[in-house]
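Student: With these hints in hand, go ahead and build the complete structure from the sequences.
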Amino acid sequence: MDFATLLQVLDSTVRLATPLLLACLAGLFSERSGVIDIGLEGKMLAAAFASAAIAAVTGSVWLGLLAGIVAATFMSGIHGLASITFRGNQLISGVAINFLASGLTVLIAQDWFGQGGRTPSLIGGGRFEPITLPFAEALSGVPVLGPIYAELISGHSALVYVAFLMVPLTWFVLFRTRFGLRLRAVGEAPEAVDTAGVSVVGLRYAAIVICGVLCGLAGAYLATGLQAGFVREMTAGRGYIALAALIFAKWRPWYALFACLLFGLLQAVALRFQNIDLGGITIPVQVMDALPYILTVVILAGFVGKAIPPRAGGEPYVKER
Amino acid sequence: DPALIYDLGGKFDKSFNEAAFNGAEAWAEETGGSYRDIELQSEAQREQALRRFAEAGFNPVVTTGFSMSAPIASVAADYPDTKFVTIDGFVNPEEHPNVLSILFSEHEGSYLVGMMAAMASESNTVGFVGGMDIPLIRKFACGYAQGAKSVSDDIEVISNMTGTTPAAWNDPVKGSELAKAQISQGADVIFAAAGGTGLGVLQTAADEGILSIGVDSNQNYVHPGQVLTSMLKRVDVAVQDAMTQGADLETGVMVLGLAENGVGYALDENNQDLVSEEMKVAVEEAKAQIVSGEIEVHDYSSDDSCPALNF
Amino acid sequence: MTDTPAIELKGISKAFGPVQANKDISIRVMPGTIHGIIGENGAGKSTLMSILYGFYKADAGEVWINGKKTEIPDSQAAISAGIGMVFQHFKLVQNFTVLENVILGAEDGPMLRPSLARARGVLKQLSEEYELSVDPEQLIENLSVGHQQRVEILKALYREADILILDEPTGVLTPAEADHLFRILDNLRSEGKTIILITHKLREIMEITDTVSVMRRGEMTATVKTAETSPEQLAELMVGRKVLLRVDKVPAQPGAPVLQVENLRHTDSHGVERLKGISLEVRAGEILGVAGVAGNGQSELLEVLGGYADATGTVRVNGSELPLAGGQADGQSRRARGIAHVPEDRQTEGLIMPYTAWENTVFGYHRDPRYQSGPLMNNAMIRAEAQDKMTRYDVRPPNPDLAAKNFSGGNQQKIVLAREIERDPDILLVGQPTRGVDIGAIEFIHQEIVRLRDQGKAILLVSVELDEIFSLSDRIAVMFDGQIMGERLPDETDQTELGLLMAGVTEMPGGDPIQAIDASLEDKEAREAEQHD
Amino acid sequence: MDKMPAWADAVLVPLISILLAAVLSALVILAIGENPIDALELMVQGALMRSAGWGYTLYYTTNFIFTGLCVAIAFHAKMFNIGGEGQAMIGGLGVALVCLFIPFPHWTVALLVATVAAAAFGALWALIPAYLQAKRGSHIVITTIMFNFIAAAVLNYVLVNLLRPAGAMDPATAPFPEATHLPTFQDLFATADNPLFRGSPANVTFFLAILACIAFWFLMWRTKLGYEIRAFGHSESAAKYAGISPVRITVVAMLISGGLAGMMALNTTMGEAERLVMNATEGAGFIGIAVALMGRSHPVGIFLAALLFGFLYQGGAELALWTNIPRELITVIQALVILFTGALDNMVRMPLERIFMATRRRNG
Ligand SMILES: Nc1ncnc2c1ncn2[C@@H]1O[C@H](COP(=O)(O)OP(=O)(O)OP(=O)(O)O)[C@@H](O)[C@H]1O
Ligand SMILES: Nc1ncnc2c1ncn2[C@@H]1O[C@H](COP(=O)(O)OP(=O)(O)OP(=O)(O)O)[C@@H](O)[C@H]1O
Ligand SMILES: [Mg+2]
Ligand SMILES: [Mg+2]
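Residue numbers (the working numbering), protein chains in the order written: chain G, 130 to 450; chain B, 643 to 953; chain Y, 30 to 562; chain C, 72 to 435.
Do not rely on the hints blindly, as some may be mistaken.
Simulated crosslink set (DSSO-like; lysine-lysine; CA at most 30 Å straight-line) [said to hold, decoys possible]:
(1) C:K149 <-> G:K379
(2) C:K149 <-> Y:K434
(3) G:K448 <-> Y:K97
(4) G:K448 <-> Y:K98
(5) G:K448 <-> Y:K230
(6) C:K74 <-> G:K448
(7) C:K295 <-> Y:K434
(8) C:K74 <-> Y:K434
(9) C:K74 <-> Y:K86
Derived by calculation from the structure, the hints in this document are not laboratory data.
Tutor: Shown next, in the form of structure tokens:
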């Protein structure tokens, strides 16, 4: 692989890692608060649709983004209602949300646009345009570093930079603020938080809302940044990969970044190279497609150390049995 | 009344199925008639839809996609008075006299757009993004490569398939990534024969400022001024014809090529600035030669091989 | 001192579904006093205090603090009313540091750093003032229970609580640690703080409290000045009748050794060594009592012997060796070797709560060919046998079709006992046989255990209740930190000596028991923290 | 004492939950500008008023019984098997291999062998997640989801590169030989003058599904294994105390679960398509979750819930045929049913409990 191709693959890695990263951080907030979320996929999908639909109608990507966030947060709200208020099974609620998003997006899209569950293609202000960072042009001539800056670092849409900035921000919120301390505590020992006079329900809903907002960003990026419009099932399992990345990352923000970049890289490689020829043995494309999933299982099997989830994860908080 | 069954890709794929839909609409507009259509939900529904339409007296029952040929073969005998049409599929006419199989010479149309791609290319590198990796799509790719090579002997044709399952028809993200990869390898015209996936290719091409070529329907309007042309596959005409003939439909096997105007390339106000006079002349000439048999475009599916491209 | 009570509860009632946990309870506690609340298990003590702390919501009743009617809808309100509570089951975040636990919910601002810095200072001061030393940077999971309790007290003091509620604080402490705690409470009282102390140990009530209230079956039966009452009177108030807390038994006639344990070692899933070379022996016809503070390896000892934790070392039953790991080391193989096991926790181990009583009477023995007919289980026969056992063990109600969860704790324990004893085992392992069981049932269970001993069985009894250990055991072994610190005969020792052994203190160079205990516990914590990483 | 009688929990709660889901579904239909009453009528007409409609309804029901039982047995062992989909795919592979490569004399023999193959392949696919859960504590929800994706890749590879007949476009195997074709309801019940179940895919595997329900009941409530599985599901610590090996129960329960999912492929592969196609499972593995939840993991409940979903599927197909309501409506209805019966069930249960407690108190 020559340098240019490598840059291309890495560039593509960044693009593909972005929705994973946003969703992964979304899951991180939710699960750190003790609410397991396998509905990331559905929330992203809902956001992707809402952002594309509103951007198509209004011509403004910002309104679209807002709509995406609202849609994902609404889905989050359902999850919260089921798993926090009504102490239902969080896994089942997540499954239901995935189904709901998968059906509703197409149903509404068809009703609104009549294009078979697609939104119209977004043009002009309906999309996030790539941002060229300062001096990208000027520096592109510098050997090695120049192209890296100009092609790999510069030239992504705003949400990519937002996603990457979210990593230190998440770390800071989680480990340097009062809110973060309480959030982590509520995922470990909700009764400790409760007896310390802090509302468990309030904290968990806050986490769920943050989760919704981040999923909203992820979905909006898919539909208005990476692509130019919504198509059915366009999340294509990214929510599950994000979940896997979260476990891989042991529920920590910086690790999440690396996990998502790794999965992004795997996807980028699988996309670009159909059948990889390794000295006589051809690796079929199906293996590349399945690689992120296989890797997740291998990771889960504990070859990379045991991942201990937040202790109260998945359990509704019930004071009175 | 006629009925129309779309393949799993769905009615509004802006491409193959949508062409069928457009044909049906055109028929309805022209004749004032009405028809019924359905997007399939599952495999088991293929037969069900055929039977339900046949039982309800719809005639002919037109279907799109090669996957419908097997169900038609198993249903047709039960409804001898109903005419079935399979577009892109093949059902043995001896065994099932009430079935019309319509096939297209996609390689011929692809040859023409391949020529145009080569002439429009400045980097002497053109790309092809296919949908699902099946002989049908290789037929597109092979015709395209032959056309391109006929213009420039040393032209490089980069070809990628999106996948090996029907999901490959509906994966614009992957289409987009493949297009980016081809662009980085120097391609400056990319032909997308990939259903919904192709929209991602067209989008990326437009974003990156290179040319793309649409497929099946006229997709020039998707990004005006940035889609060089579209390889037309006149599914719409086929559907409209079948519906017009109605219950008296002539069955058998029909192959539509350049001669029958079953395939072609699209020229309209959206791409008139892109297609030079010289290009038009060359393509029309080649078209005439293909029709007359002077140029023979190799059909990949005839022997599963391609002289111009390695898969 | 004024005569406005610091706390006044008026007519508090609380029901959990069909269980009436508190019925119209009223109580007055004067400032600067220690008020004791005693009552049997399940009498409603914890419920009442949780209501005062805003953890539960009362169905009816009022709370008055310092003469003002105060609504306490949640713990936040309780905290601002100056109430602090140390729960029976600690409410700590295990993987947070002491410091983080202390500031949780009482941070100074949205940023953590300043809060932590301030708390570090305050904590240092509090530790010195009240002899509550803990390392503020240590993780909770590395602390002993005694130290965890200190953290809970520090939490309350950090929030400047004037009223401190302690729910059974001594249940997890050695007698010496308990004495130390009482010194602290005495300190706090002299500073004018009001303390409510829940316990069911009459000795403690007599030792430290000023006034005492007695609860029975959700009701407040009496409130008296401690100076004007006696343990006998309190016991009677507690149970509602005169009780005799001694077990009648003849001296043991020990026979051949039945259970021989040598150098038993066990490491848990976190990689912490829980049993560090245990050796002991139980003979036919004797009860060996294992004393110790909870969490020093007694549970693991039972688990290993009961066949559900792997270990190394040797265990012989009637002279032949038991496999300690692998396929043959499981509960059912142990039962086949004549080892019966009444587990420490009947609700999470001994019984399947949603199963009916009859299904539970074969739990663990369900593979016995006796209970099969062909490929299916012979449910009719199991049910008939269950009916019979329940009648003989006086399980109330004697209805085998009722789910286990619908029996009270004492009756659940009887079902477990019936199942294990009826199989005529050679060895009976018993963990906490009377935890959460009322005095009537305790008498019955103790008698059954002694009866089994007199039939020549070997009995290994694990209990955190020193009283129970003293009254049942023929020999007493004391466990600390996964080791046996020593063996004593009940007639030749006392609570003080056992208490020190329970804290790992075998000799006291300085002569101060508390310092020795602290040193010993800190040693243990440091070792565990090391193993953890 | 319980807060509510058992029958109320088993019948009333799911019934009210379904009702709520139905009301919301009706609102959704209204919102897209269609008439819910008409839609329901069309669904009932198409699914229940014709024998061929029943033929389709029962065909789907068969799938859902298998996947419902698959999820249910895992539930009993307190595991959440989301991998029914992948297990069914691989089960289909087993069916295809025996049907294609063993020359069977008669369909009965073929069915027998294919059943074993389907169950074995499905079980095999559940084995790795089960083992990882038991031995390494890898969360089975995540691993089974991953195994769904991996199964799709495996099937894809096998169909595209190994089993696809030369020249075929579909990623599908060649049609199975005549001798493996299972009798459909039409073959079984139609007569010359009464063409029952014409053209519909319901076939003898429906009876196999019913047998599976009965066997499931015996297994869970009459055998040692069922006793142990349920005990383990209620309390892992108690199971350990009793000498019930968590590893063994986890693995065995998942093997049975995977086997049941695999057997679903008999219906789609051998019964209907008579060849193995890429997308034969069509989400039935996920529907199984809803079916098991609604059926309270009891075979009778599962049968009824499977019937309901079979009706929804077939009715939905009819809707798509005769109206402009997109097929995704059915997905939305499914989602609502899962949401209300599975995750929001306490929303129904809590007020009901209060009502029951109040009446009990009033009556003494
Ligand atoms: N959260 C709860 N849900 C339902 N019932 C409860 C709950 N907490 C307590 N109970 C019941 O209320 C009654 C009183 O319990 P409580 O914990 O107050 O007793 P206690 O006096 O503190 O007993 P112990 O000495 O065992 O701590 C018991 O019957 C118990 O089963
Ligand atoms: N969590 C619970 N769920 C349902 N019923 C309960 C629960 N806790 C207690 N009960 C019921 O309340 C009644 C009283 O229970 P409790 O545990 O207080 O008994 P108790 O009076 O302490 O008896 P014992 O001395 O035998 O333990 C029992 O009959 C039991 O059926
Ligand atoms: Mg208590
Ligand atoms: Mg009790």
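Student: State for each hint whether it applies.
Tutor: Each hint tested on the structure:
| no. | hint | result |
| --- | --- | --- |
| 1 | C:K149 <-> G:K379 | 24 Å, holds |
| 2 | C:K149 <-> Y:K434 | 19 Å, holds |
| 3 | G:K448 <-> Y:K97 | 28 Å, holds |
| 4 | G:K448 <-> Y:K98 | 25 Å, holds |
| 5 | G:K448 <-> Y:K230 | 27 Å, holds |
| 6 | C:K74 <-> G:K448 | 17 Å, holds |
| 7 | C:K295 <-> Y:K434 | 22 Å, holds |
| 8 | C:K74 <-> Y:K434 | 12 Å, holds |
| 9 | C:K74 <-> Y:K86 | 19 Å, holds |
Violation of the numbered hints given earlier is absent; every hint is satisfied by the structure.
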